[in-house]
Amino acid sequence: MQTLEETPLRLAGVIRESIVDGPGIRMVVFAQGCPHRCKGCHNPETHDPAGGYGSTVGNLLREAKKNPLLKGLTLSGGDPFFQAEGFARLAKAAHEAGYDIITYTGYTFEELLAGFETHEGWEALLRETDILVDGKFVLEERSLSLQFRGSRNQRVIDVPASLEAGKAIEREWEEKYAL
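The numbers in the working numbering rise by one with no breaks, and the one at position 76 of the sequence shown is 76.
Just so you know, these hints were derived from the structure itself, not from any lab.
Treat the hints with caution; some may be incorrect.
Unchecked claim - List time: in silico DSSO-like cross-link candidates among lysine-lysine, alpha-carbon distance up to 27 Å:
1. Lys66 with Lys39
2. Lys65 with Lys92
3. Lys167 with Lys92
4. Lys92 with Lys71
Nothing here was measured: the structure is a model prediction, and the numbers come from that model.
Generate coordinates for the entire structure from the input sequences, incorporating the hints supplied.
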């Protein structure tokens, strides 16, 4: 198995401090590559899997540890499930370092569960996610009043509770992840 220093990720970018991608001060890691190509996507430059630049899990974790104010990491994109194995390693290492993990994906929770057998790393990444914001961005459902999501169809899911229940358990941000 590769070390964290050797585990590659293709990135569109990193924001070292954000307060708009989940509660608290967060490091946001934007995955390069997205199969969804949602109309009106906020980050269309992330769609092409050949775009962006290379980095490693170890490099990202080192950067996160430089900031004692970080509450967690937000995995966005693109779609982190497009590179699920590498992002699962990042999420696991970040958890071990005391950070919480929010993952954004165009897949629904149910699609991810159904894909465990056919998509390497999906289960591992989902299990290392605390909160999942799922579903494609739908331009006709866009709302600027939603907290930390772009369209009304997207759900905020408590992943540990959902995996235990075997179905999506939605939560409001304030219930478990308030500042």
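Looking at the structure, which of the earlier hints fail to hold?
1
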